[in-house]
Structure formats: structure tokens, C-alpha cells
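**Q** Read top to bottom, the protein sequences are chains A and B.
Its first residue numbered 1, the first sequence is counted upward by one per residue in the numbering used here.
Its first residue numbered 527, the second sequence is counted upward by one per residue in the numbering used here.
If you are wondering where the hints come from, they were derived from the structure by calculation, not from laboratory data.
Any given hint might turn out to be false.
To be verified - Pairs of lysine-lysine, DSS-like flavour, derived with a Cα cap of 30 Å:
#, chain 1, residue 1, chain 2, residue 2
1, B, Lys885, A, Lys348
2, A, Lys385, B, Lys752
3, A, Lys369, B, Lys775
4, B, Lys885, A, Lys86
5, A, Lys26, A, Lys257
6, A, Lys386, A, Lys419
7, A, Lys403, B, Lys752
8, A, Lys419, B, Lys696
9, A, Lys403, A, Lys385
10, B, Lys775, A, Lys283
11, A, Lys403, A, Lys419
12, A, Lys419, B, Lys885
13, B, Lys855, A, Lys369
14, A, Lys419, B, Lys752
15, A, Lys385, A, Lys369
16, A, Lys403, A, Lys417
17, A, Lys417, A, Lys385
18, B, Lys777, A, Lys385
Bear in mind that the values here come from a model prediction, so they are computed numbers and not experimental data.
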Amino acid sequence: MQSQKTQGEDRPLPPANDQLAIELRKICKRFGQVQANRNIDLQVQPGTIHGIVGENGAGKSTLMSILYGFYQADSGEILINGKPAKIKSSRDAIDSGIGMVHQHFMLVETFTVLENVLLGAEQSAMLDKSERNARDVLEHLSEEYQLSVPLDAITGELPVGQQQRTEILKALYRNAEILILDEPTGVLTPQEADQLFRVLQALKDRGVTIILITHKLREIMDITDNVSVLRLGEIVSTQRTADTSTAALAELMVGRKLETQSFEKVDNPDAENGIEVHNLTVKDDRGLTRIDNISFNVKRGEIVGIAGVAGNGQSTLLEVLAGIQSPGSGEFVINGHNVTPDTTISPKEMREIGVQHVPEDRLRLGLIKSFSAAESSVLGYQNRKKFNWRMFLNIRSIRAACKKLMQAFDVRPPDPKLKSSSFSGGNQQKLILARELEQSPSVLLVGQPTRGVDIGAIELIHQKIIEIRDANCAVLLVSVELDEIMTLSDRILVMFEGRIVGTMNGSDADKTTLGLMMANAMDNAA
Amino acid sequence: MSTSNVELPAWIEVILIPVLNICLALFFAGLIIFAIGESPLEAVGIMLNGAFGYDEGVGYTLYYTTNFIFTGLAVAIAFHARLFNIGGEGQAYIGGLGVGLAFLLLDGYLPTVLLLPIGIIAAALFGAAWAFIPAWLQAYRGSHIVITTIMFNFIASAVMVYLLVNVLIKPGSMSPETREFSQSSWMPFMHEMLAVVGIDVTRTPLNLSFILALVCCLLVWIYIWKTRWGYALRTAGQSEAAAVYAGIKPKRIIIITMCISGALAGMVAVNEVMGVHHRVILNFTAGYGFTGIAVALMGRNHPVGIILASLLFGVLYQGGAELAFEMPKITREMVVAIQGLIILFSGALALMLRPAMVKIWLAIMPARAVAQHG
Numbered sequence: 001m002q003s004q005k006t007q008g009e010d011r012p013l014p015p016a017n018d019q020l021a022i023e024l025r026k027i028c029k030r031f032g033q034v035q036a037n038r039n040i041d042l043q044v045q046p047g048t049i050h051g052i053v054g055e056n057g058a059g060k061s062t063l064m065s066i067l068y069g070f071y072q073a074d075s076g077e078i079l080i081n082g083k084p085a086k087i088k089s090s091r092d093a094i095d096s097g098i099g100m101v102h103q104h105f106m107l108v109e110t111f112t113v114l115e116n117v118l119l120g121a122e123q124s125a126m127l128d129k130s131e132r133n134a135r136d137v138l139e140h141l142s143e144e145y146q147l148s149v150p151l152d153a154i155t156g157e158l159p160v161g162q163q164q165r166t167e168i169l170k171a172l173y174r175n176a177e178i179l180i181l182d183e184p185t186g187v188l189t190p191q192e193a194d195q196l197f198r199v200l201q202a203l204k205d206r207g208v209t210i211i212l213i214t215h216k217l218r219e220i221m222d223i224t225d226n227v228s229v230l231r232l233g234e235i236v237s238t239q240r241t242a243d244t245s246t247a248a249l250a251e252l253m254v255g256r257k258l259e260t261q262s263f264e265k266v267d268n269p270d271a272e273n274g275i276e277v278h279n280l281t282v283k284d285d286r287g288l289t290r291i292d293n294i295s296f297n298v299k300r301g302e303i304v305g306i307a308g309v310a311g312n313g314q315s316t317l318l319e320v321l322a323g324i325q326s327p328g329s330g331e332f333v334i335n336g337h338n339v340t341p342d343t344t345i346s347p348k349e350m351r352e353i354g355v356q357h358v359p360e361d362r363l364r365l366g367l368i369k370s371f372s373a374a375e376s377s378v379l380g381y382q383n384r385k386k387f388n389w390r391m392f393l394n395i396r397s398i399r400a401a402c403k404k405l406m407q408a409f410d411v412r413p414p415d416p417k418l419k420s421s422s423f424s425g426g427n428q429q430k431l432i433l434a435r436e437l438e439q440s441p442s443v444l445l446v447g448q449p450t451r452g453v454d455i456g457a458i459e460l461i462h463q464k465i466i467e468i469r470d471a472n473c474a475v476l477l478v479s480v481e482l483d484e485i486m487t488l489s490d491r492i493l494v495m496f497e498g499r500i501v502g503t504m505n506g507s508d509a510d511k512t513t514l515g516l517m518m519a520n521a522m523d524n525a526a
Numbered sequence: 527m528s529t530s531n532v533e534l535p536a537w538i539e540v541i542l543i544p545v546l547n548i549c550l551a552l553f554f555a556g557l558i559i560f561a562i563g564e565s566p567l568e569a570v571g572i573m574l575n576g577a578f579g580y581d582e583g584v585g586y587t588l589y590y591t592t593n594f595i596f597t598g599l600a601v602a603i604a605f606h607a608r609l610f611n612i613g614g615e616g617q618a619y620i621g622g623l624g625v626g627l628a629f630l631l632l633d634g635y636l637p638t639v640l641l642l643p644i645g646i647i648a649a650a651l652f653g654a655a656w657a658f659i660p661a662w663l664q665a666y667r668g669s670h671i672v673i674t675t676i677m678f679n680f681i682a683s684a685v686m687v688y689l690l691v692n693v694l695i696k697p698g699s700m701s702p703e704t705r706e707f708s709q710s711s712w713m714p715f716m717h718e719m720l721a722v723v724g725i726d727v728t729r730t731p732l733n734l735s736f737i738l739a740l741v742c743c744l745l746v747w748i749y750i751w752k753t754r755w756g757y758a759l760r761t762a763g764q765s766e767a768a769a770v771y772a773g774i775k776p777k778r779i780i781i782i783t784m785c786i787s788g789a790l791a792g793m794v795a796v797n798e799v800m801g802v803h804h805r806v807i808l809n810f811t812a813g814y815g816f817t818g819i820a821v822a823l824m825g826r827n828h829p830v831g832i833i834l835a836s837l838l839f840g841v842l843y844q845g846g847a848e849l850a851f852e853m854p855k856i857t858r859e860m861v862v863a864i865q866g867l868i869i870l871f872s873g874a875l876a877l878m879l880r881p882a883m884v885k886i887w888l889a890i891m892p893a894r895a896v897a898q899h900g
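Work out the full structure, taking the sequences as your base and the hints as a guide.
**A** Listed below in C-alpha cells is the structure:
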């Protein structure tokens, strides 16, 4: 590192004195007509943290999958520690000293931490000896890297942060010298993320090379030594992190200048309530309390943002308000209609009374991947008169309506006949938002409006949500992206384990306080 | 692994790959025939000639085809709602019971114009009713439909044996079957209808049900792809969560779809009971319900594909029978083995050739610029 000289932008770094930990030469990968990776040259210095950023679909995941043996490159070379490596499977990758922590953990939830770590690395038919060995090694590792995880706890019962550490331990146990982390902070609170970064720092200090894939530029700035930007399958820049800025990186990612968005916050205490929730409690099928006695309101012409780490009851709240789940006890009034456990309103009726819902999980709920865009654009409205002619669906009017939505929300490509799955996440989301906003809702429920959406589309989606607020709609926004919550919300509620643990005004919200509330650590911090 | 998400043009997916699969199956069938000392080419010739070479062969081929279309459609429509209806056999059998009961009661009193629709409706209703019970159990009690429909095949079989032996049997008869229905309830034979317009063909079991099968194909296609009910069905099949979100009730979809599926399977009774035997006999379903699964699989659950697959199986049945007759070394069991090979290659191994096709396709296709999406 010391020997490195600062180079101009857009040029690869020169090799350091030591051998490169990873060198990719002219890696190309094509899926059908999509060139996912094109002539990728990447050099990762040993003992550094190397960030890789790029929009969704820029080719980050493909590249890492090639490195980890899930895909084979069509052409190009991989060198590990200066030696050419043939990586045909994850087994080869592990043997070459590469470990990967996936965005979605690859853990058996019913196993203990120890069993998970051992899985696939057992040394003998009977487990007891392997387990003893593993326990010694793991205790040593935990200590060395401050990676404490209870080895005998059932993995599924641990908080996500600890599950992630289990993944890291798994990699280290397999002697990984190069660790790839794919969007590791997506599921963590800001404080948990800080802990993770301390671990990564400790790993780096002991010579582990780390590749960090993320779309959060702030993390790149905070922790990486070098950063590469991918755009449309190509590396457009590799530079020292110290020499760049979030604004510059964002511009490289998108390929154009971005305006920073800021919206006026509103506060009209006299507006009537669009949503009023009283003492709502909801249990899931297993009897676990998902929502624990919460009460709040959303006024017309106001955006209330629900912040919280994923899995703290926000999803359940959205589904209950949308009529998908019934409230266990308590009640709520939505757009003037009273809902109690005995008088529920179905999703169909909710649509009719002006409550529209943009679901969190757009691929599972919001659209049907195998349907054409036109078919997806009437999901939930398929029985409307204008989309039917006698007993038949009126394909022509459905396509025309879809085309109109696509134009209004700049969905690309604007082709109603194209399969829904062929659109990028951002364009799928724009189509869903268009479908729901077309109904001019009085109450809008929005979940994760920009998850997996590229920066360009985020601008438009935020703009449209603000517009509907200004049209006097009551908007309830659920998002795990604190930045998004803070940008859009007039009022912020923080959920933790099904309870509302904090409230802030959008105008004076700050990230640290919200982060502490999300971890329910306000008292400890004070 | 990496090829499954590459999209191939439709003609490769739905024509080239299935045809190659069938060729592979025939190749291995040829090896078997060669191994027992017969000429594979001659065997193929006998089969094709037996199936298409003369009007009687064509009649039999299309008669078998009719059954496969009904059971194939039954499996396919359920499949679109992500339901695996393995109970076509039992539903067809009970459909026959419906026809039998209706005609035993009414065939002496009503004219043909009424009896035919009544028979068809009875077959559909009884088939649907037999599918309704597993559907209800799946929707409201969570019993897996694969298990229950299999069980219901056995139950149907036992019920029919009991009824035919003890209740519906023709008085004084030794064989477990009903009396013959009056001729006014018979489905018109194709050779009879063609004779009316002056075309003279050999007498075969082929009857009006074949036309009914084609009509069912059209109706199923319209229902699944052109109506809002089909939209709801496909939505529920793709994602139950999305269906609930869209205000569709998945439980209702399960029940309605299974009833339609059962009704289609029940139509086998129209072909067999109303069209050919003119009485209810033991095991008239002869495995058509099970073969329907292979037909739907091969036909990619699309009515057009099902017609083609049914035709193929019709050829195998009729040509196979001919083959067993012409080449004594090739037994009936041999023919079943050949059918099994075809099912194996075009069903279970349907995707075996795909990765290779993807590679070839990608090699031929000029590299395009990175797509805008991804």
C-alpha cells in the first residue's frame, strides 16, 4: 500500500510490490443478448478492502459469481495470488482461499452455529472429533477478530447480525484469505453495520483481502481503500477511495450528473386523518406477535415513514392495512372505513374505497413475472369493466392503458407486450406505482419503493410519491433505507419488534438518533 | 446452471427441442428393436402404416387421441393453477358412473338430442365432483392434492367394482357391467356421420367425441388466456401472494380449477361409454388418465401442444398394436417400453438438450450490445 502512487481517474492501479491478491483479465460473460460483463480488468491489492459499486444490473453479482465459481466466464483469466486459477465451482473457489458472504445467507436455520460452520468441511464420518477441532479453531477465530457468536445457539434464532458473523466464520474456518461480501449491510441497523465494519477492519489488519459489493456509497467512503465502479457490464473507474467522493462515484455509476433531492416537509395539524390505528396487535400463524399494540395516525397530505430494520413488523403492518391479513385485535380506520377483527375489508374492497397498496415485494406480490407488462399492469383491477368485454379480457384496452401508464412514468422499454420479468427492477417498480397512482388514491400504502431500483429511477419514484401527497393523499411509507425515509417523510415512526419505539418530525430527524431507535438502544445510549 | 435463464426463441423451445427429444427416444427404441433382431426401420414403417396407412388405422389413432386430449387438458388446466391433478383416471372412471346412472334411468324415455347433452353433462358433473373433494381438502384442510388425487383413483376403482358387481350389473349377467344403453343415447360414430354425407369409411370406434375434444381445446385456451377467470387462475398459479394482493381468492381458484379439470377428465367417459362400449364396463379408463400427465407435459400445457402430443400417443397406441401384431418378436410389453422411452425423453428428460441448444444458439447469435435492462 505504501508504495502506491495516486493515479489519474479511470486507470487501473499499478501493481504493488507484493503480488496481487486477485487479478481479473478481460473477463467477459454474456447471457443471451445481455453482455453482463465486458472486458473486466480488476486488480485487488492484498490486505486491502476493495469496494465494487454499480447500479442494479451493472454486472457486480455476475462478476463475483464468476470469481466464486457459480458461473464460468466466456473468456478472460483469473489470477489468484499471481497464479492463474481455474474456478469451476465454489469448491475450487474455497480451495483457492476465496470465501463469500452472500446477501441472502446460506445457512441451515435449524442447525447450531457450529454445525453450520462445519457443514461441508467435516473431517470424518463421525462428527464429534470434527466438532471438537472446530470448536477450538472457532473460539480462537472469534477472539482474534472480535467475531463472538454463541457456537451452540440455533442459527435461525440469532439476530441477523450474528447470522452474518456465522457466515464470515464459515469462510474463515475454510481458511479464506480473500473474503467477498455481497451487500452485507442491507439487513443491518446502522449500529450493526458499524460493528461489521470493525470486524472487517480487524480482518484487514491481519492480512485478509476483502471485496465489498454495495450500492451504498457512504460505506464505500467509510471503509474501503480502493473502489471500482461498474456500469453496464464494464469497469468505468478504479481509484483510491481517498481520491474520490460520493458525488463523483454516483455520477460514474449512473453516467450522468445527479441532482440531490430535497423536498419540502409539510405540517398541517388540522388535516383530517387518512389512517387512524388504535391498539393494533397482530400475531402470525405460529402465534408470534408481529405487531404489538400500536397506535398512530396518518393525515391527508402527509407522508408518514416507518423506519426500522427489516422484520420488525413493518411488512405485517402494511399487509394488515391493505386488507391482506386481518387484525388480531384492536382496530383501524382507513379512509373513513372502520376495520376491526370482526369487520374486515378485503384487498379488493380496499381498492374500491380508494386505498392503494404498492407492495414491498414487487416480484412476489406486485406483478407476475411470466405475465406481459400489460397483464401485470391490471393486476388487482382485472375485473374492471373497461378491461373486459363480456366474458373476455379486452386485451386491446389493457395494452392501451398500459402504454399510457408507461409513458406517464417513463417505463422503459415502453412495450406492453414484453414479459414483466424482462424489465429492470426500477422499471417494474415504476409500472406498479403507475398502476396504483392511476387510481388517484386517497390513502397510499408504499413498501420499499426503491429497493433494488437504480438511482435514475429513484428520483422519479420519489417525485411521484411527493406529488400524490400534495394531491392530499395520506401516504404511509415503509422502507429500510433510512435516507429514503428521511428524504420523503413529514413524520417518522420507528418500529422495533412490532412496537413503535420512537417518533420524530421529518424536518429535524437525524440518522444517529433514528439508528439508535431502530436498535431500541435509546436508553442505553443516553 | 447458467443456461436456464437464457431465453431461446419460441420455435426452438416448442418445436425443435421436443422433436429432437422424440428422435432420441426413437433412436433408443430402434436400438432395442435392433437388439432383438428386427429391423428398426421396418418397425417404424409398420407403426406409421398402422397408424395412418389406411382409414381404419386413422380412425383408431384419432379415437385414442380423443381420450388423451381430454386427460391432457385436465392435467394442463390444473397445472396452470400450480395444481398437480394425478386423479384423471379416477375422475374419468366416476364420469362413466355419471353417464351410466343417467342413461340407465333415462335412455328409454328421451330422444337423442336430449340424451347426448345429458350424458356429456353427467360425465362432466361426476368427474368434477370427484375432483372437488380433493380440491376442497387442499383448499381448506391443506391435504396435498397429489396424495389425495392418487388415493381417489383407488377409491374410484373400488367403488366402481362394487357398483358394477353388486348394484348396476345387468340382471342375470355373469360379467360385471351394466346393460347396454338404448341406441338413442349412443354418440354418433364418425363412419356413420361420414356415410350420411356420402363418404364411405371403415367402421372404427372414432365418434363425435373427437370433435368435442377439439372444442374443449378451444374452450380451455379461451378460458385460460382470454378471460378474467383465466387471468385469476394463472395469477394464483404463479404466485399465491400476488393473487391475494390482487383480490383473488386462491382457495376458490383451487376448487374451480379442479372442478374444470375433473370435468375434462370425465369426458373420457363420453368417448368410451357413450361412444364405444354403450355400457359401463370395468376399467374402461385403461390408464388414459395417467397417460394424460405425460401428454400435458409433452404438450407444454398448451392446447395446441396437447393436440400434437395426443396425436403422437394415439400413433403409439394404434401403431404399437399393429407392430405387436405384425412382428411377433415385438410383444405388447415391448411397445409399452417404447412408449415409456418417449415419455422419458420428452417428459423427464425434456430439459436435457436445452443447455446444449443454448450454447449453440449463443454461438450463432452475434453478440449484441449490453441490453439496457438487467
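**Q** If a hint holds in the structure, say so; if it doesn't, say that too.
**A** Hints versus structure:
1. Distance hint between Lys885(B) and Lys348(A) is unfulfilled; the C-alpha atoms sit about 46 Å from each other, more than 30 Å.
2. Between the alpha carbons of Lys385(A) and Lys752(B) the distance comes to roughly 15 Å, so the proposed pair stays at or under 30 Å and holds.
3. In summary, the hint linking Lys369(A) to Lys775(B) is supported, as the alpha carbons are separated by about 19 Å, within the 30 Å threshold.
4. The straight-line distance between the Cα atoms of Lys885(B) and Lys86(A) is roughly 20 Å, inside the 30 Å bound, and the hint therefore holds.
5. A C-alpha spacing of about 28 Å is found between Lys26(A) and Lys257(A), which places the hinted pair at or below 30 Å, so the restraint holds.
6. Annotation: proposed proximity of Lys386(A) to Lys419(A) holds, straight-line Cα distance about 22 Å (limit 30 Å).
7. Distance check on the hinted pair: Lys403(A) and Lys752(B) sit about 19 Å apart at the alpha-carbon level, within 30 Å; holds.
8. The straight-line distance between the Cα atoms of Lys419(A) and Lys696(B) is roughly 58 Å, outside the 30 Å bound, and the hint therefore fails.
9. For the hint pairing Lys403(A) with Lys385(A), the CA-to-CA distance comes to about 18 Å; that is within 30 Å, so the pair holds.
10. With a C-alpha separation of about 22 Å, the suggested pair Lys775(B) and Lys283(A) falls inside the 30 Å cut-off, and the hint holds.
11. Between the alpha carbons of Lys403(A) and Lys419(A) the distance comes to roughly 14 Å, so the proposed pair stays at or under 30 Å and holds.
12. Taken as a hint, the Lys419(A) and Lys885(B) pair is honoured in the structure, with Cα atoms around 23 Å apart against an allowance of 30 Å.
13. Note on Lys855(B) and Lys369(A): the hinted pairing is violated, with a Cα-Cα distance of about 52 Å set against a maximum of 30 Å.
14. Taken as a hint, the Lys419(A) and Lys752(B) pair is honoured in the structure, with Cα atoms around 17 Å apart against an allowance of 30 Å.
15. Simply put, Lys385(A) and Lys369(A) have alpha-carbon atoms about 24 Å apart, close enough for the 30 Å limit, and the pair holds.
16. Proximity of Lys403(A) to Lys417(A) is assessed by CA-CA distance (about 10 Å); at most 30 Å being required, the pair is judged to hold.
17. Under the criterion of a C-alpha separation no larger than 30 Å, the hint pairing Lys417(A) with Lys385(A) is consistent with the structure, at around 21 Å.
18. Taking the CA atoms of Lys777(B) and Lys385(A), the gap is near 24 Å; set against the 30 Å cutoff, the hint holds.
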